[in-house]
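**Student:** Take the sequences, apply the hints, and build the full model.
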Amino acid sequence: MKQNKKMIVCFLTPALLFFVGIFLYPVCRTIVMSFFNVEAVSDPVSLWKFVGFSNYVSLAKTQIFHVAMGNMLKIWLLGGIGVMVVSLLFAAILTSGVKGKEFYRAVIYVPNIINAVAIATMWINCVYNKRFGLLHNFFDMIGADQLAKTDYMNGSIKFYSLLVAFCFGSVGYFMLIFMSGIERLPGDIYEAATIDGASKIRQFGTITLPLLRGVFKTCITFWTISVIGFFVWSQMWSAPLNSEMTTITPFVYMYNVTFGNQGNAQRDAGLGAAVGVVMAVVVLIVFFVMNRVVKNDDIEF
Amino acid sequence: MKKSFVRVAAGASALAMLMAGCGGATSSSGTTSSGSTSSGSTSSGGAASSGKELTYWSMWNSTEGQAKVIQEAADAYYEATGVKINIEWKGRDVKTLIGPALDAGEKIDFFDTDYMNNAQQNGKYLADLTEMAEAADYESHALPVLVENVKSWSDGKLTVIPYQPYTTGVWYNKAMFENAGIEAEPKTWEEFLDVCEKLKASGVNAITCNSSDLTLLYGYQFARYVGQEKVVETLNEATWSSVPEAKQAADEIRTLFDKGYMSENAPAQWPEGQNELGFDESAMILQASWVPNEIVQNTMNNEIQWGFFPWPSVTGGVDGPEAAMIGAQGFGIVDKSENKQEAFDFLMTVVTGEYDLKMAEAVSSIPSDIQNTQWPASVVAAQPYYEGMTKAYNWAIGLETNNTYKDILQNNLGELVAGNMDGQAFVDAMTAAK
Chain A
1 MKQNKKMIVC FLTPALLFFV GIFLYPVCRT IVMSFFNVEA VSDPVSLWKF
51 VGFSNYVSLA KTQIFHVAMG NMLKIWLLGG IGVMVVSLLF AAILTSGVKG
101 KEFYRAVIYV PNIINAVAIA TMWINCVYNK RFGLLHNFFD MIGADQLAKT
151 DYMNGSIKFY SLLVAFCFGS VGYFMLIFMS GIERLPGDIY EAATIDGASK
201 IRQFGTITLP LLRGVFKTCI TFWTISVIGF FVWSQMWSAP LNSEMTTITP
251 FVYMYNVTFG NQGNAQRDAG LGAAVGVVMA VVVLIVFFVM NRVVKNDDIE
301 F
Chain B
1001 MKKSFVRVAA GASALAMLMA GCGGATSSSG TTSSGSTSSG STSSGGAASS
1051 GKELTYWSMW NSTEGQAKVI QEAADAYYEA TGVKINIEWK GRDVKTLIGP
1101 ALDAGEKIDF FDTDYMNNAQ QNGKYLADLT EMAEAADYES HALPVLVENV
1151 KSWSDGKLTV IPYQPYTTGV WYNKAMFENA GIEAEPKTWE EFLDVCEKLK
1201 ASGVNAITCN SSDLTLLYGY QFARYVGQEK VVETLNEATW SSVPEAKQAA
1251 DEIRTLFDKG YMSENAPAQW PEGQNELGFD ESAMILQASW VPNEIVQNTM
1301 NNEIQWGFFP WPSVTGGVDG PEAAMIGAQG FGIVDKSENK QEAFDFLMTV
1351 VTGEYDLKMA EAVSSIPSDI QNTQWPASVV AAQPYYEGMT KAYNWAIGLE
1401 TNNTYKDILQ NNLGELVAGN MDGQAFVDAM TAAK
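Just so you know, the protein sequences line up as chains A and B, in that order. Residue numbering for the first sequence follows this note's numbering, beginning at 1 and increasing consecutively. Residue numbering for the second sequence follows this note's numbering, beginning at 1001 and increasing consecutively.
No lab work stands behind these hints, which were simulated from the structure alone. One or more hints might be untrue.
What the hints assert, rightly or not - Here are the simulated PhoX-like cross-link-like pairs (lysine-lysine), alpha carbons at most 25 angstroms apart as the crow flies:
#: 1; chain 1: A; residue 1: K74; chain 2: B; residue 2: K1434
#: 2; chain 1: B; residue 1: K1200; chain 2: A; residue 2: K149
#: 3; chain 1: A; residue 1: K61; chain 2: B; residue 2: K1434
#: 4; chain 1: A; residue 1: K130; chain 2: B; residue 2: K1259
#: 5; chain 1: B; residue 1: K1124; chain 2: A; residue 2: K49
#: 6; chain 1: B; residue 1: K1259; chain 2: A; residue 2: K149
#: 7; chain 1: B; residue 1: K1340; chain 2: B; residue 2: K1151
#: 8; chain 1: B; residue 1: K1052; chain 2: B; residue 2: K1230
#: 9; chain 1: B; residue 1: K1230; chain 2: B; residue 2: K1434
#: 10; chain 1: B; residue 1: K1247; chain 2: B; residue 2: K1259
#: 11; chain 1: B; residue 1: K1200; chain 2: A; residue 2: K130
#: 12; chain 1: B; residue 1: K1358; chain 2: B; residue 2: K1084
Claimed, not checked - With the C-beta cut set under 8 angstroms, the calculated list includes, among others, these residues of chain B facing chain A:
#: 13; residue: G1099
#: 14; residue: N1265
#: 15; residue: I1408
As the list claims (entries may be wrong) - Take a look, some chain A residues computed to stay more than 12 angstroms from chain B by CB distance:
#: 16; residue: S58
#: 17; residue: F139
#: 18; residue: N154
#: 19; residue: A280
Virtual Cβ for every residue (Gly too), placed ideally from N, Cα, C.
**Tutor:** Next comes the structure, spelled out in C-alpha cells:
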C-alpha cells in the first residue's frame, strides 16, 4: 500500500510537538537540574549553580534517603507479594464459575474508585484508632486487653499499618488484570486436562500460572510504578507532619527538599531533581530486569 | 468523494488532537493549581466600579472561617472603592504553587502563606511595603516582634504583613487545676512537676501530646536552657554530645512519661492526643493557640474554661516566659503588581480593625491588630504573656527545618518517650545520624 506521507506528518506532528513540549522538555530539564544547585523549581537558569555530581553524592550519604529507599523496597517486596497472591487468588476464585461474580468483583474493586485520602482517613480513624477503632474494639470484646492497647499509628508498627491499608486498596485493580488474563485462556486446554484427570489445583499450577507469565509482567510493572510514586498514603500517615521516618518514601523526601515545609525549611530543587532521576533509573532497572527474567509468551493461543 | 472524506476526517482529527492537547494542558494546570479551588469574587453593585480588579491567591479554602471574613471584607472594599478583588481559594498548596505561577507571568496582585515562609522563600517576588506602612501608621497596629521578624528576613524591609498570629504555651483546663488544689500556674520546671503530681493524684492525666508535638516539647525544654540559636546550631552541626543540656532536656521530657504524668495514650496520632482535653481525660497540652478551637470543634466540648501559661523556666537556663514560639500567616504584595496601593489598602482592612476582630472571633484566634484588645474567650488567657513577649522562637524551635534530619529526630524522640532510649542514648543516636 502506498503511504501518504502528508497524512503521516499531519497526524503525528501535533502529538509529537506536545510530547516534546510537555514530556521530553521537563524530563531533560530535570536531568540537567540535578547537576545544579537550584533553590526554587522555577528559578531561571541564570540563577543555577553547577555542582557536578554533588547532589548525587549527598543523596548517597543521606541517611533519611536510605531509610526512604528501604521503606519503598519493603513496600514493593512485601506488599507486592501480598497483593499479587491475594489478587490472583480472588481472580482464580471469581473466574471459576462462582455465583455472584459481578457483585464480588465490584465490591473488591470499590476501594480503587474512592479517593486515596478518603480511604486512608477511614483506615486511620475507623480501623487503627486506639480508642475507638475496629481492631481496638475487637480485641477489647474478646478480652485481649494488651492487644487492644496496641498503637498502630506509632513506632515501627506504623509502617505495617500503612502497608496493609495500601495493599487493601490495591488488590481490586490487579485482580481485574488477572481475571482478564485468565478469561483469555482457551477453555479447550482445561477440558483436555480435565479429561486427562488433572485436578483444579493442578490445572491452576501447571496451566494457568505459566500462561499468565505476560500478565504477571504487566502487573509487576504497574505495581513498581505505583510503589515508586508512593506519596499520598505516606503523607496521610504522617499528618500533620510532612513526613516521618517510619513511613517516608523517596517521593516524600523529594517533595520535602524541593518545596521545604513549615516555615523556613531549606529548599533545594536540584537535590529534588536528583531524587527524581534516581527514581527514574530505578524504574528503568526494574523494567530491564523484568524483561530479562520474564520472557514474553512463546505460546500462541 | 472518498478521498475528500478522508481529507476532512484527517483535518478534523488533527484539529481534535490540537484541541485535546490544549484542553489537557489547561485543565491539568487548573487542577494542579487549584485542588479544591473555586473562584470567589465580590458581588456587583454598590459604589461605581473603578474598573480596577485585583487578583488574590488565598491560602484558605472557601469554606474556612478566615475565608468567609476575607470575602466579606472584599465585598465591603468593593462597595467603598469600586475596586474588585478576585479571590482564588487555593488552600495551603499556594505555598508550592505561587513561585512557578509568578515566574510564568501569572497576574497575581497579592497572596498569603506562612509569614516566615513568605518572607524567606518568596522575597524576590514581593514589594517593599515600608513606605505605605508608614503612611498608614501600620506599625501601631502590629505586634512589634512579628514585624521585626519579617524585617530581619527581608534585609530590613517590610515585605510581608503578618496576620492570624499564634502563640504557643501550655493550655490547660482550669476546672481540673482547681480540683487538684492548684492555686498558681507553675513558673519553673520544679513547680511544673509539682503541678503534674497534683493533677495525677486528682485522677486525671496531667498532660498529653500528639506524636507530632514531641519536637515542641523537647525543643522548648532544650531552648529554655540554651536559647533557640544554640538549639538550631546543635541540630545542624550535630554537636549533641558537646552540649550537655541536649541530654538533660531529653531526660527531663522522658520524666514526664516515666512518672506517669503524660497520658498513657500519648504520644497519640494527631488529633487524638489533643482531643483528650475535650474528653476531660487530660489537663494540659503544649500547643499553639489554635488548639483550644480545634479541640472544641473535634469533641464538641464547649464547657472547658481555658487557662494558659508559658512553658516553665529551668534552673540555669537563658530563656523564660518572655520567649515563646510564635508565628502568623502573612500577606505579600507582588512587586510587579500595578495596584500595590489598592492591595495594601485592602489588606489594612483585613488585618486591622473590624474585620480583624471578626476573623479572630470566627476561628477563636488572636487578633493581629494589637488595638483589638477583646480576645476570644478560649485564648484570652494567653493575652498578657503574648503582649509581654519579646523573644520569638520559630516553629518547633527550628527543629523541623532540616529536611535530612528532622524525621530522624522525630523518630528518636518517639523512642525516647517510649522508654527505649535514655537521654544519653538519644544524644548518641542523634550524633550518629549525621
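**Student:** With reference to the structure, classify each hint as holding or not holding.
**Tutor:** Okay, the hints, checked on the actual structure:
no.: 1; hint: K74(A) x K1434(B); in the structure: holds, 24 angstroms
no.: 2; hint: K1200(B) x K149(A); in the structure: holds, 21 angstroms
no.: 3; hint: K61(A) x K1434(B); in the structure: holds, 9 angstroms
no.: 4; hint: K130(A) x K1259(B); in the structure: holds, 22 angstroms
no.: 5; hint: K1124(B) x K49(A); in the structure: holds, 18 angstroms
no.: 6; hint: K1259(B) x K149(A); in the structure: holds, 19 angstroms
no.: 7; hint: K1340(B) x K1151(B); in the structure: holds, 19 angstroms
no.: 8; hint: K1052(B) x K1230(B); in the structure: violated, 49 angstroms
no.: 9; hint: K1230(B) x K1434(B); in the structure: holds, 17 angstroms
no.: 10; hint: K1247(B) x K1259(B); in the structure: holds, 18 angstroms
no.: 11; hint: K1200(B) x K130(A); in the structure: holds, 22 angstroms
no.: 12; hint: K1358(B) x K1084(B); in the structure: holds, 21 angstroms
no.: 13; hint: G1099; in the structure: holds, 5 angstroms
no.: 14; hint: N1265; in the structure: holds, 7 angstroms
no.: 15; hint: I1408; in the structure: holds, 6 angstroms
no.: 16; hint: S58; in the structure: violated, 8 angstroms
no.: 17; hint: F139; in the structure: holds, 15 angstroms
no.: 18; hint: N154; in the structure: violated, 6 angstroms
no.: 19; hint: A280; in the structure: holds, 20 angstroms
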